[in-house]
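Turn these sequences into a full structure, and let the hints guide you.
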Amino acid sequence: MVEAFGGRLRRSAGRVAMFVCGAALFGGTAAAQTIVLNQSAPQVTDTTLRAGAYANTNYDTQPLVTRRSTDPDFERRAILKFDTQNTIPQGARVVSATLTLTVRSGLGTAGQTRPIQAFRVTQAFQESDATWIRRQYSENWNTPGGDVDVQYGAGYPSNVAGSRVTFDLTNLVQRTVNGDFGSRYTRLLLADSGPAVKESFREYYASEDGTASRRPTLTVVLGTTSSPPPTSPSTSTLKVLHWNIAQGYDPDGQPNIDRIAGFIASKRPDVVSLNEAMKYSSTSSHCQQIADRLRALTGQTWTYHWIQKWGAASGEGEAVMTRLDVDATDDYLLTVQRSVAMLRLTVNGRNVSVFSTHLDHQSSSTRLTQVRQLVNWASSQPEQRIIAGDFNSWPGTTEINEMARTYNDGWAVARSAGTAYSFSGNPDGNTRNSRIDYVWSSKGATALRVLRADVYNASDSQGRMSDHNPLMLTYQVQ
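Following my numbering, the numbering of the sequence shown begins with 289 at its first residue and continues without gaps.
Derived by calculation from the structure, the hints in this document are not laboratory data. Values in this document were obtained by computation on a predicted structure and should not be read as measured data. Any given hint could turn out to be false.
Per label pair, the in silico range of CB-to-CB distance [said to hold, decoys possible]: (1) PRO715 - GLY637: 35 to 43 angstroms; (2) ASN689 - ASP580: 35 to 43 angstroms; (3) ASN344 - ASN639: 54 to 62 angstroms; (4) ALA500 - THR617: 23 to 31 angstroms; (5) GLY379 - GLY603: 55 to 63 angstroms; (6) THR591 - TYR568: 13 to 21 angstroms.
From the three backbone atoms N, C-alpha and C, an ideal C-beta is built for every residue, glycine too.
Quick look at the structure:
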(Lines of atoms letter the chains of each structure in order from A and count residues from 1; the text may use other names and numbers.)
(Lines give C-alpha, C1' and ligand atoms only; values in the text may rest on other atoms or scores of the structure.)
Protein backbone atom coordinates (compact mmCIF):
# COMPACT_ATOMS: atom_id res chain seq x y z
CA MET A 1 0.00 0.00 0.00
CA VAL A 2 1.08 3.59 -0.43
CA GLU A 3 1.74 4.22 3.27
CA ALA A 4 4.55 1.67 3.14
CA PHE A 5 6.61 4.26 1.25
CA GLY A 6 6.79 6.31 4.46
CA GLY A 7 8.44 9.68 4.75
CA ARG A 8 7.15 13.17 5.49
CA LEU A 9 6.28 15.97 3.12
CA ARG A 10 9.24 18.28 2.67
CA ARG A 11 8.85 21.90 1.68
CA SER A 12 11.54 24.43 0.87
CA ALA A 13 11.55 27.72 2.75
CA GLY A 14 12.45 31.19 1.62
CA ARG A 15 10.78 31.12 -1.82
CA VAL A 16 11.06 34.20 -4.03
CA ALA A 17 7.93 35.12 -5.98
CA MET A 18 8.43 35.20 -9.75
CA PHE A 19 6.47 37.90 -11.53
CA VAL A 20 8.09 38.18 -14.95
CA CYS A 21 9.68 35.18 -16.67
CA GLY A 22 13.27 35.83 -17.65
CA ALA A 23 13.34 39.30 -16.03
CA ALA A 24 14.81 40.64 -12.79
CA LEU A 25 13.04 39.48 -9.64
CA PHE A 26 11.35 42.11 -7.54
CA GLY A 27 13.15 43.10 -4.38
CA GLY A 28 16.70 42.33 -5.56
CA THR A 29 19.15 42.26 -8.42
CA ALA A 30 18.97 38.53 -9.10
CA ALA A 31 17.84 37.46 -12.54
CA ALA A 32 15.66 34.41 -13.16
CA GLN A 33 15.20 31.99 -15.99
CA THR A 34 12.21 29.71 -16.46
CA ILE A 35 12.68 26.22 -17.88
CA VAL A 36 9.50 24.50 -19.08
CA LEU A 37 9.72 20.76 -19.73
CA ASN A 38 6.68 19.25 -21.46
CA GLN A 39 7.95 17.77 -24.71
CA SER A 40 7.65 13.99 -25.00
CA ALA A 41 10.93 12.05 -24.96
CA PRO A 42 13.57 13.06 -24.31
CA GLN A 43 12.22 15.90 -22.11
CA VAL A 44 9.39 13.90 -20.51
CA THR A 45 8.68 10.17 -20.35
CA ASP A 46 5.81 8.61 -18.40
CA THR A 47 3.54 5.60 -18.02
CA THR A 48 1.14 3.91 -15.60
CA LEU A 49 1.91 0.92 -13.38
CA ARG A 50 -1.04 -1.43 -12.72
CA ALA A 51 -1.06 -4.30 -10.24
CA GLY A 52 -2.83 -7.67 -10.12
CA ALA A 53 -3.62 -9.41 -13.39
CA TYR A 54 -2.12 -6.41 -15.25
CA ALA A 55 1.23 -6.44 -13.44
CA ASN A 56 3.11 -7.31 -16.65
CA THR A 57 1.20 -4.91 -18.92
CA ASN A 58 2.90 -1.76 -20.22
CA TYR A 59 0.67 1.29 -20.68
CA ASP A 60 3.03 3.62 -22.55
CA THR A 61 1.30 6.26 -24.78
CA GLN A 62 -1.96 5.82 -22.82
CA PRO A 63 -3.30 8.34 -20.29
CA LEU A 64 -1.73 8.31 -16.84
CA VAL A 65 -3.89 6.89 -14.03
CA THR A 66 -3.85 6.89 -10.25
CA ARG A 67 -6.26 4.76 -8.20
CA ARG A 68 -6.19 3.15 -4.80
CA SER A 69 -7.97 -0.16 -4.33
CA THR A 70 -8.02 -3.23 -2.12
CA ASP A 71 -8.37 -5.24 -5.34
CA PRO A 72 -4.89 -5.39 -6.94
CA ASP A 73 -6.43 -5.42 -10.43
CA PHE A 74 -7.53 -1.80 -9.94
CA GLU A 75 -4.48 -0.41 -8.10
CA ARG A 76 -2.60 2.06 -10.34
CA ARG A 77 0.27 4.53 -9.99
CA ALA A 78 1.89 6.94 -12.44
CA ILE A 79 5.64 7.35 -12.99
CA LEU A 80 7.31 10.27 -14.75
CA LYS A 81 10.84 11.31 -15.69
CA PHE A 82 11.92 14.84 -16.60
CA ASP A 83 15.23 15.62 -18.28
CA THR A 84 16.69 18.06 -15.79
CA GLN A 85 20.16 16.66 -16.57
CA ASN A 86 20.53 18.17 -20.05
CA THR A 87 18.34 21.24 -19.58
CA ILE A 88 19.52 22.64 -16.23
CA PRO A 89 23.18 23.22 -15.32
CA GLN A 90 24.46 21.16 -12.41
CA GLY A 91 24.27 23.08 -9.16
CA ALA A 92 21.96 25.80 -10.51
CA ARG A 93 19.83 27.46 -7.81
CA VAL A 94 16.22 26.36 -8.09
CA VAL A 95 13.83 29.10 -6.99
CA SER A 96 10.77 26.92 -7.60
CA ALA A 97 9.82 23.72 -9.41
CA THR A 98 6.17 22.92 -10.07
CA LEU A 99 4.68 19.84 -11.68
CA THR A 100 1.33 20.42 -13.38
CA LEU A 101 -1.00 17.64 -14.54
CA THR A 102 -4.27 18.05 -16.42
CA VAL A 103 -7.16 15.80 -15.43
CA ARG A 104 -8.70 13.84 -18.30
CA SER A 105 -11.45 12.15 -16.28
CA GLY A 106 -12.34 11.02 -12.78
CA LEU A 107 -14.99 9.33 -10.66
CA GLY A 108 -16.99 10.58 -7.67
CA THR A 109 -19.18 13.54 -6.87
CA ALA A 110 -18.48 16.51 -9.14
CA GLY A 111 -15.53 18.51 -7.82
CA GLN A 112 -14.42 15.83 -5.35
CA THR A 113 -10.65 15.78 -4.84
CA ARG A 114 -8.18 13.02 -3.97
CA PRO A 115 -4.85 13.18 -2.08
CA ILE A 116 -1.95 12.23 -4.37
CA GLN A 117 1.57 11.92 -3.03
CA ALA A 118 4.75 12.41 -5.09
CA PHE A 119 7.75 10.20 -4.27
CA ARG A 120 11.23 10.14 -5.77
CA VAL A 121 11.84 7.03 -7.88
CA THR A 122 15.25 5.62 -7.03
CA GLN A 123 15.81 3.42 -10.09
CA ALA A 124 16.00 4.16 -13.81
CA PHE A 125 13.04 3.05 -15.91
CA GLN A 126 11.93 3.12 -19.53
CA GLU A 127 8.38 4.20 -20.32
CA SER A 128 8.04 1.60 -23.10
CA ASP A 129 9.07 -1.24 -20.76
CA ALA A 130 7.88 -0.30 -17.29
CA THR A 131 5.16 -2.35 -15.59
CA TRP A 132 4.21 -3.07 -11.98
CA ILE A 133 6.92 -5.78 -12.05
CA ARG A 134 9.52 -4.56 -14.55
CA ARG A 135 11.32 -1.22 -14.73
CA GLN A 136 13.31 -1.63 -17.97
CA TYR A 137 14.37 -4.35 -20.39
CA SER A 138 14.57 -7.56 -18.32
CA GLU A 139 15.27 -5.71 -15.05
CA ASN A 140 12.57 -5.77 -12.35
CA TRP A 141 11.76 -3.30 -9.62
CA ASN A 142 13.17 -4.36 -6.26
CA THR A 143 9.69 -3.70 -4.88
CA PRO A 144 6.76 -4.36 -7.24
CA GLY A 145 4.93 -1.14 -7.98
CA GLY A 146 8.08 1.01 -8.10
CA ASP A 147 11.23 1.67 -6.06
CA VAL A 148 10.88 4.94 -4.13
CA ASP A 149 12.21 6.72 -1.07
CA VAL A 150 10.60 9.66 0.72
CA GLN A 151 7.68 11.84 -0.31
CA TYR A 152 8.57 15.20 -1.86
CA GLY A 153 5.20 16.72 -2.69
CA ALA A 154 1.43 16.36 -2.70
CA GLY A 155 -1.48 17.42 -4.87
CA TYR A 156 -5.26 17.19 -4.76
CA PRO A 157 -6.76 16.58 -8.22
CA SER A 158 -10.50 16.94 -8.68
CA ASN A 159 -12.52 14.74 -11.02
CA VAL A 160 -13.42 17.61 -13.34
CA ALA A 161 -12.09 17.08 -16.88
CA GLY A 162 -9.68 19.82 -17.88
CA SER A 163 -8.88 20.89 -14.31
CA ARG A 164 -5.24 21.05 -13.22
CA VAL A 165 -3.37 19.83 -10.19
CA THR A 166 0.06 21.09 -9.11
CA PHE A 167 2.84 19.61 -6.99
CA ASP A 168 5.57 21.65 -5.35
CA LEU A 169 8.78 19.72 -6.19
CA THR A 170 11.31 22.44 -5.48
CA ASN A 171 13.27 20.44 -2.93
CA LEU A 172 13.38 17.32 -5.12
CA VAL A 173 14.51 19.19 -8.24
CA GLN A 174 17.12 21.19 -6.33
CA ARG A 175 18.65 18.05 -4.85
CA THR A 176 18.48 16.30 -8.23
CA VAL A 177 20.17 19.21 -10.04
CA ASN A 178 22.83 19.28 -7.32
CA GLY A 179 23.67 15.66 -8.14
CA ASP A 180 22.69 14.37 -4.69
CA PHE A 181 21.25 11.19 -6.21
CA GLY A 182 23.89 10.55 -8.88
CA SER A 183 21.64 10.86 -11.92
CA ARG A 184 20.33 14.38 -12.54
CA TYR A 185 17.09 13.20 -14.15
CA THR A 186 14.05 13.97 -11.99
CA ARG A 187 12.06 10.74 -11.56
CA LEU A 188 8.89 10.52 -9.51
CA LEU A 189 5.95 8.26 -8.72
CA LEU A 190 2.42 9.51 -8.03
CA ALA A 191 0.21 7.40 -5.76
CA ASP A 192 -3.21 7.94 -4.18
CA SER A 193 -3.04 7.94 -0.36
CA GLY A 194 -6.77 8.26 0.38
CA PRO A 195 -9.41 5.62 1.11
CA ALA A 196 -9.36 2.60 -1.22
CA VAL A 197 -12.58 3.26 -3.17
CA LYS A 198 -13.51 3.30 -6.84
CA GLU A 199 -14.02 7.08 -6.63
CA SER A 200 -10.24 7.39 -6.26
CA PHE A 201 -9.87 6.87 -10.02
CA ARG A 202 -8.14 9.82 -11.70
CA GLU A 203 -6.94 9.89 -15.30
CA TYR A 204 -4.45 12.48 -16.58
CA TYR A 205 -3.18 13.47 -20.02
CA ALA A 206 0.22 11.90 -20.79
CA SER A 207 3.34 13.35 -22.42
CA GLU A 208 2.32 11.96 -25.82
CA ASP A 209 -0.84 14.10 -25.96
CA GLY A 210 -1.02 16.28 -29.07
CA THR A 211 -1.97 19.41 -27.08
CA ALA A 212 1.08 20.80 -25.29
CA SER A 213 -0.92 22.62 -22.63
CA ARG A 214 -2.42 19.32 -21.40
CA ARG A 215 0.84 17.37 -21.07
CA PRO A 216 2.61 16.83 -17.75
CA THR A 217 4.71 19.95 -17.32
CA LEU A 218 7.61 20.66 -15.00
CA THR A 219 8.19 24.41 -14.69
CA VAL A 220 11.51 25.28 -13.05
CA VAL A 221 12.48 28.84 -12.15
CA LEU A 222 16.23 29.29 -11.77
CA GLY A 223 17.85 32.12 -9.88
CA THR A 224 21.35 33.56 -9.94
CA THR A 225 23.14 36.62 -8.62
CA SER A 226 24.19 37.84 -12.05
CA SER A 227 22.97 36.42 -15.34
CA PRO A 228 20.85 33.36 -16.10
CA PRO A 229 22.71 30.03 -16.12
CA PRO A 230 23.96 28.85 -19.50
CA THR A 231 21.67 26.47 -21.36
CA SER A 232 24.21 24.94 -23.75
CA PRO A 233 23.44 27.22 -26.74
CA SER A 234 26.04 25.30 -28.77
CA THR A 235 23.89 22.19 -28.97
CA SER A 236 20.38 21.41 -30.17
CA THR A 237 18.32 18.26 -30.68
CA LEU A 238 16.88 17.00 -33.94
CA LYS A 239 14.21 14.28 -34.03
CA VAL A 240 13.90 12.35 -37.32
CA LEU A 241 10.99 9.94 -37.71
CA HIS A 242 10.83 7.42 -40.57
CA TRP A 243 7.73 5.45 -41.59
CA ASN A 244 6.61 3.36 -44.53
CA ILE A 245 2.89 4.24 -44.57
CA ALA A 246 1.81 1.41 -46.90
CA GLN A 247 0.20 3.57 -49.59
CA GLY A 248 -2.17 5.11 -47.11
CA TYR A 249 -4.02 1.94 -46.08
CA ASP A 250 -3.94 -0.15 -42.93
CA PRO A 251 -3.59 -3.97 -43.15
CA ASP A 252 -7.41 -4.26 -43.25
CA GLY A 253 -7.56 -2.11 -46.36
CA GLN A 254 -8.93 0.99 -44.60
CA PRO A 255 -7.58 4.51 -45.30
CA ASN A 256 -5.06 5.43 -42.59
CA ILE A 257 -3.87 8.99 -43.34
CA ASP A 258 -5.67 10.76 -40.48
CA ARG A 259 -4.49 8.12 -38.02
CA ILE A 260 -0.92 8.35 -39.31
CA ALA A 261 -0.91 12.14 -39.03
CA GLY A 262 -2.25 11.93 -35.49
CA PHE A 263 0.43 9.44 -34.52
CA ILE A 264 3.20 11.56 -36.03
CA ALA A 265 1.93 14.62 -34.17
CA SER A 266 1.95 12.71 -30.89
CA LYS A 267 5.70 11.97 -31.27
CA ARG A 268 6.58 15.58 -32.15
CA PRO A 269 9.40 14.98 -34.64
CA ASP A 270 11.24 17.78 -36.40
CA VAL A 271 11.63 15.86 -39.67
CA VAL A 272 9.60 12.98 -41.12
CA SER A 273 10.67 10.51 -43.83
CA LEU A 274 7.74 8.84 -45.60
CA ASN A 275 7.81 5.82 -47.90
CA GLU A 276 4.93 4.70 -50.14
CA ALA A 277 3.33 8.15 -50.00
CA MET A 278 0.82 8.52 -52.83
CA LYS A 279 0.13 11.52 -55.05
CA TYR A 280 -3.05 11.35 -57.13
CA SER A 281 -3.07 14.79 -58.74
CA SER A 282 -1.65 18.28 -58.32
CA THR A 283 -4.28 18.95 -55.65
CA SER A 284 -4.54 15.54 -53.96
CA SER A 285 -1.69 13.79 -52.19
CA HIS A 286 -0.90 12.01 -48.96
CA CYS A 287 1.86 14.49 -48.17
CA GLN A 288 -0.44 17.48 -48.45
CA GLN A 289 -3.12 15.76 -46.37
CA ILE A 290 -0.60 14.88 -43.67
CA ALA A 291 0.95 18.37 -43.73
CA ASP A 292 -2.49 19.98 -43.39
CA ARG A 293 -3.46 17.66 -40.55
CA LEU A 294 -0.15 18.24 -38.76
CA ARG A 295 -0.67 21.98 -39.00
CA ALA A 296 -4.09 21.59 -37.40
CA LEU A 297 -2.70 19.37 -34.65
CA THR A 298 0.56 21.21 -33.90
CA GLY A 299 -0.15 24.79 -34.94
CA GLN A 300 3.01 24.71 -37.09
CA THR A 301 3.47 24.87 -40.83
CA TRP A 302 4.86 21.68 -42.37
CA THR A 303 6.56 21.63 -45.76
CA TYR A 304 7.72 18.64 -47.78
CA HIS A 305 9.52 17.43 -50.88
CA TRP A 306 8.12 14.37 -52.69
CA ILE A 307 9.47 12.37 -55.62
CA GLN A 308 7.66 9.58 -57.44
CA LYS A 309 9.73 6.41 -57.52
CA TRP A 310 10.52 6.61 -61.23
CA GLY A 311 10.04 10.35 -61.64
CA ALA A 312 6.41 10.49 -62.79
CA ALA A 313 4.04 13.30 -61.80
CA SER A 314 1.82 11.03 -59.73
CA GLY A 315 1.85 7.62 -58.08
CA GLU A 316 3.84 6.13 -55.20
CA GLY A 317 6.93 7.90 -53.93
CA GLU A 318 9.14 9.02 -51.07
CA ALA A 319 9.04 12.29 -49.15
CA VAL A 320 10.83 14.31 -46.50
CA MET A 321 8.62 16.62 -44.41
CA THR A 322 9.58 19.14 -41.74
CA ARG A 323 8.26 21.84 -39.43
CA LEU A 324 11.62 23.68 -39.74
CA ASP A 325 12.67 26.21 -42.35
CA VAL A 326 13.89 24.58 -45.58
CA ASP A 327 17.07 25.83 -47.22
CA ALA A 328 17.02 23.58 -50.30
CA THR A 329 15.37 20.51 -51.87
CA ASP A 330 16.63 17.92 -54.32
CA ASP A 331 15.89 14.43 -55.57
CA TYR A 332 17.49 11.61 -57.50
CA LEU A 333 16.38 8.51 -59.41
CA LEU A 334 18.01 5.18 -58.60
CA THR A 335 18.06 2.17 -60.87
CA VAL A 336 14.98 -0.12 -61.21
CA GLN A 337 12.32 2.49 -60.45
CA ARG A 338 13.45 3.76 -57.07
CA SER A 339 14.07 7.33 -55.91
CA VAL A 340 15.48 9.60 -53.20
CA ALA A 341 14.00 12.84 -51.82
CA MET A 342 16.12 15.39 -49.92
CA LEU A 343 15.56 18.48 -47.75
CA ARG A 344 18.38 20.65 -46.44
CA LEU A 345 17.90 22.48 -43.15
CA THR A 346 19.93 24.63 -40.80
CA VAL A 347 20.00 23.32 -37.23
CA ASN A 348 22.10 25.06 -34.60
CA GLY A 349 23.99 26.82 -37.37
CA ARG A 350 24.81 23.54 -39.16
CA ASN A 351 23.71 22.32 -42.57
CA VAL A 352 21.69 19.13 -42.16
CA SER A 353 20.75 17.19 -45.30
CA VAL A 354 17.95 14.65 -44.74
CA PHE A 355 17.15 12.00 -47.36
CA SER A 356 14.32 9.50 -47.75
CA THR A 357 14.51 6.40 -49.95
CA HIS A 358 12.92 2.99 -50.48
CA LEU A 359 15.07 0.24 -51.97
CA ASP A 360 14.04 -2.67 -54.18
CA HIS A 361 12.11 -5.48 -52.47
CA GLN A 362 13.11 -8.35 -54.78
CA SER A 363 16.84 -8.47 -55.44
CA SER A 364 19.83 -8.20 -53.13
CA SER A 365 22.13 -7.36 -56.05
CA THR A 366 19.77 -4.57 -57.13
CA ARG A 367 19.73 -3.17 -53.62
CA LEU A 368 23.53 -3.26 -53.50
CA THR A 369 23.65 -1.20 -56.71
CA GLN A 370 21.07 1.21 -55.31
CA VAL A 371 23.02 1.65 -52.07
CA ARG A 372 26.14 2.57 -54.04
CA GLN A 373 24.18 5.03 -56.17
CA LEU A 374 22.54 6.50 -53.08
CA VAL A 375 25.81 7.00 -51.19
CA ASN A 376 27.51 8.48 -54.25
CA TRP A 377 24.73 10.98 -54.94
CA ALA A 378 24.28 11.91 -51.27
CA SER A 379 27.97 12.81 -51.11
CA SER A 380 27.18 15.76 -53.40
CA GLN A 381 25.07 17.26 -50.58
CA PRO A 382 26.70 18.96 -47.60
CA GLU A 383 27.21 17.33 -44.22
CA GLN A 384 25.59 16.73 -41.81
CA ARG A 385 23.87 13.90 -43.80
CA ILE A 386 21.03 11.69 -42.53
CA ILE A 387 19.50 8.98 -44.73
CA ALA A 388 16.22 7.30 -43.74
CA GLY A 389 14.28 4.61 -45.52
CA ASP A 390 12.91 1.14 -46.02
CA PHE A 391 15.97 -0.79 -47.20
CA ASN A 392 14.08 -4.10 -47.52
CA SER A 393 17.05 -5.88 -45.96
CA TRP A 394 18.20 -6.78 -42.47
CA PRO A 395 21.54 -6.14 -40.74
CA GLY A 396 24.41 -8.32 -41.88
CA THR A 397 23.40 -8.57 -45.53
CA THR A 398 25.79 -7.47 -48.28
CA GLU A 399 23.86 -4.30 -49.09
CA ILE A 400 23.51 -3.23 -45.45
CA ASN A 401 27.20 -3.91 -44.85
CA GLU A 402 27.96 -1.72 -47.87
CA MET A 403 25.87 1.10 -46.42
CA ALA A 404 27.57 0.68 -43.05
CA ARG A 405 30.98 1.35 -44.62
CA THR A 406 30.24 5.09 -44.71
CA TYR A 407 27.11 5.52 -42.56
CA ASN A 408 26.22 4.71 -38.95
CA ASP A 409 23.06 2.70 -38.26
CA GLY A 410 21.22 4.87 -35.72
CA TRP A 411 19.43 2.01 -33.96
CA ALA A 412 22.68 0.04 -33.59
CA VAL A 413 24.52 3.08 -32.22
CA ALA A 414 21.78 3.76 -29.68
CA ARG A 415 21.53 0.12 -28.67
CA SER A 416 25.23 -0.09 -27.93
CA ALA A 417 24.82 2.99 -25.72
CA GLY A 418 21.75 1.58 -23.96
CA THR A 419 19.40 4.20 -25.42
CA ALA A 420 17.49 2.14 -28.02
CA TYR A 421 13.88 1.58 -27.01
CA SER A 422 11.08 -0.48 -28.49
CA PHE A 423 7.68 -1.67 -27.38
CA SER A 424 7.00 -4.80 -25.33
CA GLY A 425 7.63 -8.03 -27.25
CA ASN A 426 9.91 -6.35 -29.81
CA PRO A 427 13.32 -6.12 -28.11
CA ASP A 428 15.26 -6.08 -31.39
CA GLY A 429 13.46 -3.04 -32.74
CA ASN A 430 11.96 -4.86 -35.74
CA THR A 431 10.14 -2.52 -38.07
CA ARG A 432 8.38 -5.28 -39.98
CA ASN A 433 9.13 -9.01 -39.83
CA SER A 434 12.69 -7.98 -39.07
CA ARG A 435 14.63 -4.71 -38.87
CA ILE A 436 14.47 -3.41 -42.44
CA ASP A 437 13.85 0.32 -41.87
CA TYR A 438 16.80 2.54 -40.93
CA VAL A 439 17.88 6.04 -40.06
CA TRP A 440 21.56 6.43 -40.92
CA SER A 441 24.00 9.28 -40.28
CA SER A 442 27.15 9.81 -42.29
CA LYS A 443 30.42 8.92 -40.59
CA GLY A 444 31.55 12.34 -41.73
CA ALA A 445 28.69 14.00 -39.81
CA THR A 446 30.89 14.82 -36.84
CA ALA A 447 28.41 17.35 -35.42
CA LEU A 448 25.71 14.70 -35.01
CA ARG A 449 25.49 12.54 -31.91
CA VAL A 450 22.83 9.87 -31.42
CA LEU A 451 20.91 10.47 -28.20
CA ARG A 452 18.31 7.71 -28.55
CA ALA A 453 16.37 5.53 -30.98
CA ASP A 454 12.71 4.52 -30.65
CA VAL A 455 10.70 1.92 -32.54
CA TYR A 456 6.98 2.44 -31.95
CA ASN A 457 4.12 0.00 -32.23
CA ALA A 458 2.17 0.97 -35.36
CA SER A 459 -1.13 0.27 -33.62
CA ASP A 460 -3.85 2.43 -32.16
CA SER A 461 -7.34 1.75 -30.79
CA GLN A 462 -8.48 0.77 -34.30
CA GLY A 463 -5.67 -1.72 -34.88
CA ARG A 464 -2.56 -1.63 -37.05
CA MET A 465 -1.98 1.54 -39.05
CA SER A 466 0.68 0.09 -41.36
CA ASP A 467 2.59 -3.13 -41.93
CA HIS A 468 5.73 -1.22 -40.81
CA ASN A 469 6.54 0.17 -37.37
CA PRO A 470 7.84 3.76 -37.29
CA LEU A 471 11.42 4.46 -36.21
CA MET A 472 12.60 7.73 -34.68
CA LEU A 473 16.19 8.87 -34.02
CA THR A 474 16.95 11.78 -31.72
CA TYR A 475 20.26 13.50 -32.49
CA GLN A 476 22.23 16.16 -30.74
CA VAL A 477 23.48 18.74 -33.25
CA GLN A 478 26.66 20.24 -31.82
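Now the hints, each set against the structure:
1. At about 38 angstroms, the CB distance of PRO715 to GLY637 agrees with the hint of 35 to 43 angstroms.
2. Against the hinted window of 35 to 43 angstroms, the Cβ-Cβ separation of ASN689 and ASP580 comes to about 40 angstroms, which satisfies the hint.
3. Range check, ASN344 to ASN639: Cβ separation about 46 angstroms, and the 54 to 62 angstroms hint is violated.
4. Between ALA500 and THR617 the beta carbon distance is about 29 angstroms. The supplied range of 23 to 31 angstroms therefore holds.
5. The hinted window of 55 to 63 angstroms between GLY379 and GLY603 holds, with their beta carbons roughly 57 angstroms apart.
6. Evaluation of the 13 to 21 angstroms hint for THR591 and TYR568 yields a pass: the beta carbon distance comes to about 20 angstroms.
Of the numbered hints listed earlier, the single one contradicted by the structure is hint 3.
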